[in-house]
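There are 2 protein chains.
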Amino acid sequence: MSDALPTLSQIQDAAARIAPFATLTPVLRNASLDDMVGAQLYFKCENLQRGGAFKFRGACNAVWSLTDDEARCGVVTHSSGNHGNALAMAAATRGIAAHVVVPEGAVRAKLEAIERAGAILHRCAPTTAAREAKAAEVQRATGAILVHPYADTRVMAGQGTTVLELLKQSGELDGIVTPIGGGGLMAGCAIAAHGALPSIVMIGAEPSGASDAAQSLAQSARIEHFSPDTVCDGLRTLIGVTNLDALREHRVQVITVTDEETIAAMKLLWQTLKVVVEVSSATVLAAVLKQREQFAGRRIGLVLTGGNVDVDALPW
Amino acid sequence: MSDALPTLSQIQDAAARIAPFATLTPVLRNASLDDMVGAQLYFKCENLQRGGAFKFRGACNAVWSLTDDEARCGVVTHSSGNHGNALAMAAATRGIAAHVVVPEGAVRAKLEAIERAGAILHRCAPTTAAREAKAAEVQRATGAILVHPYADTRVMAGQGTTVLELLKQSGELDGIVTPIGGGGLMAGCAIAAHGALPSIVMIGAEPSGASDAAQSLAQSARIEHFSPDTVCDGLRTLIGVTNLDALREHRVQVITVTDEETIAAMKLLWQTLKVVVEVSSATVLAAVLKQREQFAGRRIGLVLTGGNVDVDALPW
Chain L
0 MSDALPTLSQ
10 IQDAAARIAP
20 FATLTPVLRN
30 ASLDDMVGAQ
40 LYFKCENLQR
50 GGAFKFRGAC
60 NAVWSLTDDE
70 ARCGVVTHSS
80 GNHGNALAMA
90 AATRGIAAHV
100 VVPEGAVRAK
110 LEAIERAGAI
120 LHRCAPTTAA
130 REAKAAEVQR
140 ATGAILVHPY
150 ADTRVMAGQG
160 TTVLELLKQS
170 GELDGIVTPI
180 GGGGLMAGCA
190 IAAHGALPSI
200 VMIGAEPSGA
210 SDAAQSLAQS
220 ARIEHFSPDT
230 VCDGLRTLIG
240 VTNLDALREH
250 RVQVITVTDE
260 ETIAAMKLLW
270 QTLKVVVEVS
280 SATVLAAVLK
290 QREQFAGRRI
300 GLVLTGGNVD
310 VDALPW
Chain Y
0 MSDALPTLSQ
10 IQDAAARIAP
20 FATLTPVLRN
30 ASLDDMVGAQ
40 LYFKCENLQR
50 GGAFKFRGAC
60 NAVWSLTDDE
70 ARCGVVTHSS
80 GNHGNALAMA
90 AATRGIAAHV
100 VVPEGAVRAK
110 LEAIERAGAI
120 LHRCAPTTAA
130 REAKAAEVQR
140 ATGAILVHPY
150 ADTRVMAGQG
160 TTVLELLKQS
170 GELDGIVTPI
180 GGGGLMAGCA
190 IAAHGALPSI
200 VMIGAEPSGA
210 SDAAQSLAQS
220 ARIEHFSPDT
230 VCDGLRTLIG
240 VTNLDALREH
250 RVQVITVTDE
260 ETIAAMKLLW
270 QTLKVVVEVS
280 SATVLAAVLK
290 QREQFAGRRI
300 GLVLTGGNVD
310 VDALPW
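Residue numbers (numbering that gives the first Met the number 0), protein chains in the order written: chain L, 0 to 315; chain Y, 0 to 315.
Worth flagging that the hints you see were computed from the coordinates, not collected in a lab. Watch out, some of these pointers could steer you wrong.
To be verified - Distance condition first, Cα-Cα at most 25 Å in a straight line; then the derived DSS-like pairs of lysine-lysine:
1. Y/K266 - L/K266
2. Y/K266 - Y/K289
3. L/K289 - L/K266
4. L/K167 - Y/K289
Small disclaimer: the values here were computed from a predicted structure and weren't measured.
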């Protein structure tokens, strides 16, 4: 596996590779939310993607990039939920095994979905180090191929297809906002966006309790250790090394938002846009509302990354 | 105003009349829900319609059917929420006044939306008789034109545009399920569906605590008095006289569902389809799950009628 950044042409190849399996998700508009921000907002609904999150794009591209020989012993990953579910579903489309290492504290609905999709679960402590150690152990024991959730060229290329699709649906945009966890989505999206339209401004939304990307950019050095403290279960990971390079190269601006701001934005998306998004996804609207002067009068794409929520345990 | 059933050509005219104002709502598919029912389900997402409900279609067609002279004193209606909101928004597109008579017990989020849309609220008791008396009073006092929520040709024609759109998006269907309250949606949809494809089976979903349509069909006589007892706030109305004729003429099958079944289906739509629907909308999935043998192997359209929910007061 390589964690080199993908090229535009690798992202275009990924779009063709996943097309038979992935959902062409709709882009929603909403007059009330446009009025609140004073901008034209285009919501790319990856919560409506197969498996309920954009992660299916990267996982599916990785699984179908393997040779038959590589695919023989299956795939393995570590994931707080959505990537694990996506890899399990992608592996099922090719009829191969999937092993998923899950940290304690993951959302119940996500773990159940991974099991329903037919993967074998392996539990570990909720730290990046523990996740990677456990995944390496499973890899050695089974011969499965590692599909890292974000530090993987094939995964980043798959995630970047989100923006190729969005731009076809929305027409030209001035800016695109995605959440930042491990940075795979942003890396793929920035490369795709600037390949199509070099002037697009890329904005990352990060929880203030997991703002390692914002801090790494500010200090010009990657933070290596941090203890995430945020309700956004999908964004508790450390940004990948090459993913951080991509953020620098594509001049990504990171806006940090508090959990309180994110939960308010999540409620607004449910109540006004009428879609079920998980809390991590709501960081993008929270960021746009927080810096609304910057977005006034612009055409802005917002990637709603997932909708895997336990509706019996809402954060409000 | 007339409550005669609309013709297919009036529904086609309505589609052209509302096109500049209404949202072309997406049709969603979901593999898990297909598996649960054993059928191919096409969810027409009117919860994503302007104002959060299909009602905008009928209200918009009614408002733009008026001559300038008729429109001068504005429009009036009675509504538990969605039609009132829709009429207020439609009136705003033409710059005329909207008066909305609302029964006690209406959902707070819906009343707030009506006021935000610029309508004047008039309160009354939660019975069909009280609603109609109060609306007549406002009509006399203001000269506003009555736009009845369902017993109105223009409104039924507008609601019927839902099915014209759905069939363009889904291709041929074996059956279409809509909730039944006053029956305006079903009347318009049945006429549109059978105009396009005479073999389509039309199925109404009705709460067992407001099953006046099912009982009226069974007894071959319209029930005139009933006390609705259901959590489905949008379906507490008595079916209209000509709307009931339409149900007979189009051989509509009515499936009644308990509130418990509807709430379970609502949760399933949120958790699996990832869309916010209000409880009345979930009757359609509850009906299909209840009679799944009937739907096995078929291509079924389900109209998700609205998404105006108070997310702080969920029914589970």
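Hints, one by one, checked against the model:
1. Y/K266 - L/K266: holds, 17 Å
2. Y/K266 - Y/K289: holds, 15 Å
3. L/K289 - L/K266: Holds. L/K289 to L/K266 sits at ~15 Å (cutoff 25 Å).
4. L/K167 - Y/K289: violated, 40 Å
Consistency note: the structure conflicts with earlier hint 4 alone.
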